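Asks: The lines below spell out each chain.
There are 2 protein chains.
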Amino acid sequence: MTASPKRIVLAARPHGEPKPSDFRFEDFAMPSPGEGEVLLRTIWLSLDPYMRGRMSEGPSYSAPVPIDGVMEGGTVNEVLSSNSPDFAKGDIVLAHSGWQSHAVVDGKMLRKIDAALGPISTAVGILGMPGMTAYTGLLDIGQPKAGETVVVAAASGAVGSAVGQIAMIKGARAVGIAGGKDKCDYVKNELGFDDCIDHRDPDFAAKLKAACPNGIDVYFENVGGAVFDAVFPLLNDFARVPVCGLIAQYNDTADASPPWAGKMLRNILTKRLTLRGFIVRDFASRRGDFLRDMSLWVRDGRVKYREFVTEGLDSAPEAFIGLLKGKNFGKQLVRVGPDKV
Amino acid sequence: MTASPKRIVLAARPHGEPKPSDFRFEDFAMPSPGEGEVLLRTIWLSLDPYMRGRMSEGPSYSAPVPIDGVMEGGTVNEVLSSNSPDFAKGDIVLAHSGWQSHAVVDGKMLRKIDAALGPISTAVGILGMPGMTAYTGLLDIGQPKAGETVVVAAASGAVGSAVGQIAMIKGARAVGIAGGKDKCDYVKNELGFDDCIDHRDPDFAAKLKAACPNGIDVYFENVGGAVFDAVFPLLNDFARVPVCGLIAQYNDTADASPPWAGKMLRNILTKRLTLRGFIVRDFASRRGDFLRDMSLWVRDGRVKYREFVTEGLDSAPEAFIGLLKGKNFGKQLVRVGPDKV
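Those sequence lines, one after another, are chains A and B. Everything in the first sequence is counted per my numbering, starting at 1 for the first residue and increasing by one. Everything in the second sequence is counted per my numbering, starting at 1 for the first residue and increasing by one.
In case anyone wonders, no lab produced these hints; they're calculated from the structure. None of the values given here were measured: they were computed from a predicted structure. Every clue listed holds true.
As a list, the in silico EDC-like pairs of lysine to aspartate or glutamate whose alpha-carbon atoms are at most 16 Å apart:
{"no.": "1", "chain 1": "B", "residue 1": "K263", "chain 2": "A", "residue 2": "D252"}
{"no.": "2", "chain 1": "A", "residue 1": "K209", "chain 2": "A", "residue 2": "D229"}
{"no.": "3", "chain 1": "A", "residue 1": "K170", "chain 2": "A", "residue 2": "D194"}
{"no.": "4", "chain 1": "B", "residue 1": "K170", "chain 2": "B", "residue 2": "D140"}
{"no.": "5", "chain 1": "B", "residue 1": "K304", "chain 2": "B", "residue 2": "D185"}
{"no.": "6", "chain 1": "A", "residue 1": "K89", "chain 2": "A", "residue 2": "D339"}
{"no.": "7", "chain 1": "B", "residue 1": "K181", "chain 2": "B", "residue 2": "D195"}
{"no.": "8", "chain 1": "B", "residue 1": "K6", "chain 2": "B", "residue 2": "D314"}
{"no.": "9", "chain 1": "A", "residue 1": "K271", "chain 2": "B", "residue 2": "D282"}
{"no.": "10", "chain 1": "B", "residue 1": "K89", "chain 2": "B", "residue 2": "E78"}
{"no.": "11", "chain 1": "B", "residue 1": "K263", "chain 2": "A", "residue 2": "D229"}
{"no.": "12", "chain 1": "A", "residue 1": "K108", "chain 2": "A", "residue 2": "E35"}
{"no.": "13", "chain 1": "A", "residue 1": "K170", "chain 2": "A", "residue 2": "D293"}
{"no.": "14", "chain 1": "B", "residue 1": "K271", "chain 2": "A", "residue 2": "D282"}
{"no.": "15", "chain 1": "A", "residue 1": "K263", "chain 2": "B", "residue 2": "D229"}
{"no.": "16", "chain 1": "A", "residue 1": "K263", "chain 2": "B", "residue 2": "D252"}
{"no.": "17", "chain 1": "B", "residue 1": "K304", "chain 2": "B", "residue 2": "E190"}
{"no.": "18", "chain 1": "A", "residue 1": "K6", "chain 2": "A", "residue 2": "D27"}
Whenever a hint applies, use it, and build me the whole structure from the sequences.
Replies: Rendered as structure tokens:
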């Protein structure tokens, strides 16, 4: 037997930025799968900005993690034993089993990962939730047309990098926003975006405007805050704004009034803007289309991705705190266990 | 010959509420139609909230009326003489010839009114721009489903009354908002809305909430201001907000931050709201569907309408100032000339 299972639970609801003490490490006894259940060993844990929302109470699209509950998260796992007719020992499966080394999960909540599509880690990355968020939000809500300008922030990240590359596949101009020169260079030179602006630049708003001489037709919103303030005046008539995330605001404890607030409805009217919030599960029916297109694009090299890996379950809290500050460079993953034991 | 032609021009750009001195009456010489043009005598002038926008400079979906320019507006007219092969003396036509008794207009800008569809005044009312605004905004953006709750303000007015009645035809619950007991009684008892709340009631927000026990699925936005503030917290997940007008804010001279501002993007995200601005001409391709459906509904008595008529072109400025304050009760029209001379 290996070392005893470990998990990370929510110790306290953060006020503002999460701190290490908001998390607690626990050992627990190896669980046994019941009827229809499967015992999993976690290989990869995905860390994603939405998890900040689960740490707080208050209205959201999902219930919060309870105090002392295991932190939520998507995972790539090996099946250690199975009481489900659909899974066998050794299968590699996608689960939502959270921040822990082992878990018992109902077989109905699992999906087999097709290793032919790409490295198994991509099942929680470019071929998983972040990739499908980019795909559905951009194509189903943003609906970019050839020649239009698409802007996305966190452009070196899991969702933003896919948004810009899909936009270019559709013939649009892609302008990224990212934090720091290294990320901007990567977005321009490796991913091939038409431009990328550093949001830490003191002239950020002016540079964004210069990078979008024909205005902005689609703004894929995943950060909010000061970036939205700079984008809002540049939106063209009939612009579409899929609202996918607001990472810059997740740690806010007050509802400050942003500079565009008083003009918000007026601009929606006079520019005939569409703002629409979504989460990826609203587009579950598009999963087949997404997997077909995205796996092809990845294979063709038309969509590139970058992973940012920290080692060991213990690294998850610091990695997550860093993710909220943009310290990651690419899709944030935690290597919880080896591919094979 | 009758009295000389008269027109009303924009004398000054209003600061806040328009005043009578912002308008100027002028006599002018009877114009002569050139090649392809038609001389019109105005019968009905439509007064609509959007005209407030045309009086101001600043970004909007249409250019402002220039100082000393004739105030814009939709009209029902008789053709006095025609140099267009498409129109003959005596034809009744829809034009956008503005606040004047006579006008010369390019025949290409005119549309014949089919008197078989209803009284000719309805061509600028329930069978015209206001009716089509309600029809397209509600059906194409709002997309109400049976059993859902649709809320609309200015519910006794030209657009709002049609919105609620179409919602009910589609099986939705219609809750109106109007100013004063008489209008609310009319909306409930004559138009058959499920409920109507007086926005002047000191308990307006609480009463609106009580009238929408299952929340709000579609809010047809035509007023903004305090009504939106009360509606916003009641919006359900996946609610749709066609943004058609903001009459309560048109006279605002500053961009005050409304109470929902800080929460706006967060609620769009977590509730997956759709907010979309539109003007009726964005849906020009739906004109045939609209006329077919709406003329049928009016004939069947499923859509009722009410007209609020002031007499003579001279009455237009005061009537328009009153419209912005909700002093009208039904579609605001100015009787500029008799049906037949």
